[in-house]
Amino acid sequence: MPRNAPEGVFSTPAANKPRLLDHVRERLRYLHYSLRTERAYADWIKRYILYRVRGLVF
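Be aware that the sequence shown starts at 89, since it is given in the numbering used here, and climbs by one per residue.
Honestly, the hints are just simulated from the structure, not real lab data. Even for Gly, the Cβ is constructed at its ideal location relative to N, Cα and C. Certain hints may be false.
To be verified - Pair by pair, the computed Cβ-Cβ distance ranges are:
#, residue 1, residue 2, range
1, Tyr-121, Arg-142, 25 to 31 Å
2, Gly-143, Ser-122, 27 to 33 Å
3, Leu-123, Gly-143, 28 to 34 Å
4, Val-112, Arg-142, 18 to 24 Å
5, Gly-143, Leu-119, 28 to 34 Å
6, Gly-143, Tyr-121, 26 to 32 Å
Based on the sequences and whatever the hints tell you, model everything.
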């Protein structure tokens, strides 16, 4: 990024916003959940979102 560019020119507001799965992972790590549990929860969330948005069932 150029030094004299105004702040925020090269980033979008959506890029700065934490994503759902990032937030979930951060919270689970804070609560000392195991990595396997974190992955399972993330997978459940992904499948739920796909089900609600697209109607896909796995």
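Status of the hints after comparison with the structure:
1. Taking the beta carbon of each, Tyr-121 and Arg-142 are about 28 Å apart, inside 25 to 31 Å as hinted.
2. Look at Gly-143 against Ser-122: about 32 Å separates their beta carbons, and that is inside 27 to 33 Å.
3. Checked against the hint of 28 to 34 Å, the pair Leu-123 and Gly-143 passes, with Cβ atoms roughly 31 Å apart.
4. The hinted range of 18 to 24 Å is satisfied by Val-112 and Arg-142, whose Cβ atoms lie roughly 20 Å apart.
5. Taking 28 to 34 Å as the suggested C-beta distance range, the pair Gly-143 and Leu-119 conforms, at roughly 32 Å.
6. The given range of 26 to 32 Å is respected by Gly-143 and Tyr-121, whose C-beta atoms sit roughly 30 Å from each other.
The structure fails none of the hints (numbered hints given earlier).
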